[in-house]
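Since chain Z is already given, all that's left is putting chain X on it; use the hints.
Each chain, letter by letter, is given below.
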Amino acid sequence: MNTKDKVLEILENTTDSAEVRNNLDINIFDEGLLDSMGSIQLILELQNELGIDIPISEFERSEWATPNLIIAKVESMI
Amino acid sequence: MVSFQPYVNPIYFLYLIAFLIPIIIGILNGKRFRVYETIISLLFICLIFGGPKLHEGFNLILYIIFEVLMIGLYMRYRSKHNQTWVFVVAVLLAISPLSIVKITPAINNGIPSIIGFLGISYLTFKAVQMIMESRDGSIKKFDLMLTLQFLLFFPTISSGPIDRYRRFVKDYQNVPSQEKYLEMLQKGIFYIFQGFLYKFLLAYLFGTVLLPPIAHAALQHGGMSWALVGYMYTYSMDLFFDFAGYSLFAVGISYFMGIETPMNFNKPFISHNIKDFWNRWHMTLSFWFRDYVYMRLVFFMMKHKLIKSRITTAIVGYFALFLLMGFWHGVTWYYIAYGLFHAIAIVINDTWLRFKKKHKGSIPSNKLTEIFAIFITFNVVCLSFLIFSGFLDKLFFS
Chain Z
1 MNTKDKVLEI
11 LENTTDSAEV
21 RNNLDINIFD
31 EGLLDSMGSI
41 QLILELQNEL
51 GIDIPISEFE
61 RSEWATPNLI
71 IAKVESMI
Chain X
1 MVSFQPYVNP
11 IYFLYLIAFL
21 IPIIIGILNG
31 KRFRVYETII
41 SLLFICLIFG
51 GPKLHEGFNL
61 ILYIIFEVLM
71 IGLYMRYRSK
81 HNQTWVFVVA
91 VLLAISPLSI
101 VKITPAINNG
111 IPSIIGFLGI
121 SYLTFKAVQM
131 IMESRDGSIK
141 KFDLMLTLQF
151 LLFFPTISSG
161 PIDRYRRFVK
171 DYQNVPSQEK
181 YLEMLQKGIF
191 YIFQGFLYKF
201 LLAYLFGTVL
211 LPPIAHAALQ
221 HGGMSWALVG
231 YMYTYSMDLF
241 FDFAGYSLFA
251 VGISYFMGIE
261 TPMNFNKPFI
271 SHNIKDFWNR
281 WHMTLSFWFR
291 DYVYMRLVFF
301 MMKHKLIKSR
311 ITTAIVGYFA
321 LFLLMGFWHG
331 VTWYYIAYGL
341 FHAIAIVIND
351 TWLRFKKKHK
361 GSIPSNKLTE
371 IFAIFITFNV
381 VCLSFLIFSG
391 FLDKLFFS
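Respectively, the protein sequence lines represent chains Z and X.
To convert, note that position 13 of the first sequence is 13 in the UniProt record's numbering; the numbers rise steadily by one, no gaps.
To convert, note that position 112 of the second sequence is 112 in the UniProt record's numbering; the numbers rise steadily by one, no gaps.
Please keep in mind that the hints were generated in silico from the structure rather than gathered at the bench.
Just to be clear, a hint being listed does not mean it is correct.
Mimicking DMTMM-like on lysine to aspartate or glutamate, the simulated pairs with C-alpha atoms at most 25 Å apart in a straight line are [claimed, not checked]: (1) Lys267(X) to Glu12(Z); (2) Lys6(Z) to Glu63(Z); (3) Lys53(X) to Asp350(X); (4) Lys357(X) to Asp30(Z); (5) Lys170(X) to Glu60(Z); (6) Lys305(X) to Glu58(Z); (7) Lys358(X) to Glu63(Z); (8) Lys73(Z) to Glu45(Z).
Label pairs and their computed distance ranges (CB to CB) [to be verified]: (9) Met1(Z) to Met145(X): 32 to 40 Å; (10) Ser76(Z) to Ser398(X): 54 to 62 Å; (11) Ile107(X) to Asp30(Z): 55 to 63 Å.
Selected chain X positions facing chain Z (Cβ under 10 Å, derived; list incomplete) [claimed, not checked]: (12) Glu133; (13) Ser134; (14) Asp136; (15) Gly137; (16) Ile139; (17) Arg166; (18) Lys170; (19) Tyr294; (20) Val298; (21) Phe299; (22) Leu306; (23) Arg310; (24) Ile311.
Positions of the beta carbon are idealized from the N, C-alpha and C atoms, including for glycine.
So that you can see chain Z by itself, here it is in the shape it has in the complex (with noise of 0.2 Å):
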């Protein structure tokens, strides 16, 4: 599995939706699909899932806003 489609999985469950997949540009915050107890959840998988580490400080919200921008932000990190 491409580092695409398991960030799609982590975020299709850390939001428990499926409009990640449906829609890459989706704002995610501005959606109510994550707030900061999801963002939590969504940094603790991809930790654990990928073995990317990131710490608080760098978790912006307008650079992990998107399905596109986190696929991204984590492509630039492995």
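Showing chain X alone in chain Z's frame:
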């Protein structure tokens, strides 16, 4: 010598404009006169903390030396090691002066601590933030000059908005293009005039003209009364326009200096729910608590699997955040009750949002429900401000 409460006296604005003109001309020509900027900043800090407030000025100097030392020492340590207990001790030490200032009046018959000064809270938020981001490895190098510029940035020194170190430094080390800066100047002027409207007209109307007679009527009547309801709304309006007005001044003046200090308010009274409200009200404070308290606490609890349920974890996080925010406002029953009130409100809100997500489609959502949501949120918020105002303390307990 006199001392100025920032942005209160018209003369303060005249001084500001006069001294800022060289900075504005400089940036328009692609230059930052850093030495001049620093001298002006120090001059205004002297105006704020001089004369009868000299005592506070000394406290500020001692406090800054202490915090800069803490930040510097911790960063030096962090460049080689990373033990949790050292981090915890560093944070506890960094917040210790503020804790003393907050706790002293509560245990000493309301007599303020001798180490306090105007703006100590906001400086503490900035210092703690730097220590936390150093631990995360996001701030890598200690720079004395930049740290001082960040902490002592005078437009926001007394009451925020609370900027972020890395964001501030990016602006400070950069000179905006002429096009961009002209846009910033326009915005800055707009914000300052909006600030005049908010603070000197609307806050004056609500706070100075309307509030005292309503307060008098409510106290005369005693207990529950229509005047008390009036007090609740009038106080809420005063609170908003006063603080939003001040914040607009601070942001506007920052823009003149080529620094895009983040906004503090975003139409909070059209919030659809309490969560939405905290994304719009005193944003730099709520985001600070979100990022440096809630997120970190929840992360810690989930990583170490302290609590099984996600929902319970979130609830614990909310109560920790809002209780801390309550205590930060001051150690009195009504500030702590205000914190608890918001913790309970946001937990109810979260439960409702979960229910709504589960039953998507079967719950009506239209213009009418939206207006209803705004109405409910507005009233819940105003009720929380009535608690916050301390008026109930006067009404029932004295």
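Hint check results:
1. Straight-line distance between C-alpha atoms of Lys267(X) and Glu12(Z) comes to about 32 Å, which puts the hinted pair past the 25 Å bound.
2. As the CA atoms of Lys6(Z) and Glu63(Z) are separated by approximately 19 Å, the hinted pair is consistent with the 25 Å bound.
3. Among the hinted pairs, Lys53(X) with Asp350(X) is inconsistent with the structure: their alpha-carbon atoms are about 45 Å apart, more than 25 Å.
4. Proximity of Lys357(X) to Asp30(Z) is assessed by CA-CA distance (about 15 Å); at most 25 Å being required, the pair is judged to hold.
5. In summary, the hint linking Lys170(X) to Glu60(Z) is supported, as the alpha carbons are separated by about 15 Å, within the 25 Å threshold.
6. For the given pair, Lys305(X) sits about 22 Å from Glu58(Z) by alpha-carbon distance, which is consistent with the 25 Å threshold.
7. As the CA atoms of Lys358(X) and Glu63(Z) are separated by approximately 28 Å, the hinted pair breaks the 25 Å bound.
8. Only pairs whose Cα atoms come within 25 Å are accepted, and Lys73(Z) paired with Glu45(Z) is accepted, the gap being roughly 15 Å.
9. Distance hint check: the CB atoms of Met1(Z) and Met145(X) are about 48 Å apart, inconsistent with the given range 32 to 40 Å.
10. At roughly 60 Å, the beta-carbon separation of Ser76(Z) and Ser398(X) lies within the given 54 to 62 Å, and the hint holds.
11. Restraint check, Ile107(X) to Asp30(Z): a C-beta distance of roughly 45 Å breaks the suggested window 55 to 63 Å.
12. At a threshold of 10 Å, the smallest CB-CB gap from Glu133(X) to chain Z is about 4 Å, leaving the interface hint in force.
13. The beta carbon of Ser134(X) comes within 9 Å of a beta carbon in chain Z, closer than 10 Å, and the hint placing it at the interface holds.
14. For Asp136(X), the interface hint holds, since its Cβ comes within 10 Å of a Cβ in chain Z; the closest pair sits about 3 Å apart.
15. Among the interface hints, the one on Gly137(X) holds; its C-beta lies about 6 Å from the nearest C-beta in chain Z, closer than the 10 Å criterion.
16. For the restraint placing Ile139(X) at the interface with chain Z, the shortest Cβ-Cβ distance is roughly 8 Å, inside the 10 Å limit, so the hint holds.
17. At a threshold of 10 Å, the smallest CB-CB gap from Arg166(X) to chain Z is about 8 Å, leaving the interface hint in force.
18. Because the smallest distance between the Cβ of Lys170(X) and any Cβ of chain Z comes to about 12 Å, over 10 Å, the interface hint for this residue is violated.
19. At a threshold of 10 Å, the smallest CB-CB gap from Tyr294(X) to chain Z is about 6 Å, leaving the interface hint in force.
20. A cut of 10 Å between beta carbons decides the hint on Val298(X): the least distance to chain Z is about 5 Å, and the hint holds.
21. Below 10 Å, beta-carbon pairs count as interface contacts, and Phe299(X) has one with chain Z at about 5 Å; its hint therefore holds.
22. About 13 Å separates the beta-carbon of Leu306(X) from the nearest beta-carbon of chain Z, more than 10 Å, and the hint is not met.
23. Using the Cβ-Cβ criterion of 10 Å, the hint placing Arg310(X) at the interface with chain Z is satisfied: the shortest such distance is roughly 7 Å.
24. The restraint placing Ile311(X) at the interface with chain Z holds, with a minimum CB-CB distance near 9 Å, inside the 10 Å limit.
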